[in-house]
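Colleague: Add chain B to chain A, keeping to what the hints say.
Protein sequence lines correspond, in order, to chains A and B. By the count of numbering that gives the first Met the number 0, the first sequence reaches residue 202 at its end, each step adding exactly one. By the count of numbering that gives the first Met the number 0, the second sequence reaches residue 202 at its end, each step adding exactly one.
The set of hints was computed from the structure by calculation and includes no laboratory data. Heads up, some of the hints might be wrong.
Derived DSSO-like pairs (lysine-lysine); straight-line CA-CA distance at most 27 Å [stated by the list, open to error]: (1) B:154 with A:197; (2) A:186 with B:200; (3) B:154 with A:186; (4) B:197 with A:91; (5) A:181 with B:154; (6) A:154 with B:154; (7) A:154 with B:84; (8) B:84 with A:201.
Protein chains: 2
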Amino acid sequence: MQIVSLSMATAKRKKASKKDFILRRAAAMFSEKGYSATSMRDLADAVGIEAASLYNHIQSKAEILQEIIFRMTNDCNVHIGELEKGKLSNIKKVESLIRFHVQMMMYQCDDYTVMINEWMHLPEPYLTNFNIQRRQYVVKMEKIITDGFQQGEMKNIAPYVAVLTLLSSVRGLEFWHRSSQKISPQKIEDDMVNFLIKGLKKN
Amino acid sequence: MQIVSLSMATAKRKKASKKDFILRRAAAMFSEKGYSATSMRDLADAVGIEAASLYNHIQSKAEILQEIIFRMTNDCNVHIGELEKGKLSNIKKVESLIRFHVQMMMYQCDDYTVMINEWMHLPEPYLTNFNIQRRQYVVKMEKIITDGFQQGEMKNIAPYVAVLTLLSSVRGLEFWHRSSQKISPQKIEDDMVNFLIKGLKKN
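Chain A on its own, in the form it takes in the complex (with noise of 0.2 Å):
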């Protein structure tokens, strides 16, 4: 008996593993060329298998753009959520949320650019939550900035300004991996948050 439920657990891992690794060569995929452009035939190839045993792994290629944004945004709320609870001054607090856009950008640069880039593509109910979720979200990184201005820690700049002018930052790096440039995450990172900082300290 423990035998069957053990053979059963190692399946179940195997078959959630092989989904995981469809899960990355279609965020690869839908990062390249689109997801309007990336047919689940093309899937299939990348992965290696007949497109008829994809589906059971996933049951459409929307499900899986549906997995890619919504772990993304689950990632993206808990850290938000912390900020809120914890005790850093907003200073510190967007210097946490620019390491944390730029190691997505670096370390989980497919999925977020699938997140950013492809979310028009998902289908009802969740195009509409994930509008919500992303309009959330800003008003907590706006809340942040007037607080931070209110508190005399930050320069009047308009909220919308700076929130776009920190998130479209991140995004351009997406070019970084494009590049030959040499330069590593950490100093990029680093640098990122030593412009940016100083560019709302008010002292």
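Modeller: Chain B alone, transformed into the frame defined by chain A:
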């Protein structure tokens, strides 16, 4: 004789302004739907003429893309050329570049968006030529940052990171056009300068 030449001049002027109108409509469509997804028929419909008549003004879809992108490229080259010849401090040169790029994004948004998002669809020899000019432009921006550090005006931030951050920040303004934010272009420009210049300055 004079009358004939005047009416020829008028006809020529009308044709030129019709072409400008076609280019503006094309930039709006390329920017919104992408170059690949826009057909000559779509464009003719948007301009309000027969598809066949389009060819009185332009030879191909590629030619439109070339004209849009190389006009913008010229503007960029002229601007940075003037900065190179001028006597501004390096920090003032960066400020001028930020204002220039923000203004392009604010007032020539379609053309600018087509340049940064659709350049890869240029046919040769324009594709290679554009890439060389783009690289030269970035090298010139990086030199201003390097000079700024060496002359004690700026912090020691990798020029690659600084230029990427500057250009990406401006690129993000693409979203401003689609948002319901009521911030004026001038306020956005000033806040972005305030944010980014202070971030680069040594003291």
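Colleague: Compare the structure with each hint and give your call.
Modeller: We went through each hint and held it up to the structure:
Simply put, residue 154 of chain B and residue 197 of chain A have alpha-carbon atoms about 10 Å apart, close enough for the 27 Å limit, and the pair holds. For the hint pairing residue 186 of chain A with residue 200 of chain B, the CA-to-CA distance comes to about 19 Å; that is within 27 Å, so the pair holds. At roughly 14 Å between alpha-carbon atoms, residue 154 of chain B and residue 186 of chain A fall within 27 Å of each other, so this suggested pair holds. For the suggested pair residue 197 of chain B and residue 91 of chain A, the alpha carbons sit about 18 Å apart, so the restraint of at most 27 Å is met.
Under the criterion of a C-alpha separation no larger than 27 Å, the hint pairing residue 181 of chain A with residue 154 of chain B is consistent with the structure, at around 20 Å. Under the criterion of a C-alpha separation no larger than 27 Å, the hint pairing residue 154 of chain A with residue 154 of chain B is consistent with the structure, at around 19 Å. About 33 Å separates the Cα atoms of residue 154 of chain A and residue 84 of chain B, which puts this hinted pair outside 27 Å; it is violated. A threshold of 27 Å between alpha carbons decides the hint, and for residue 84 of chain B with residue 201 of chain A the separation of about 34 Å lies outside it, so the pair is violated.
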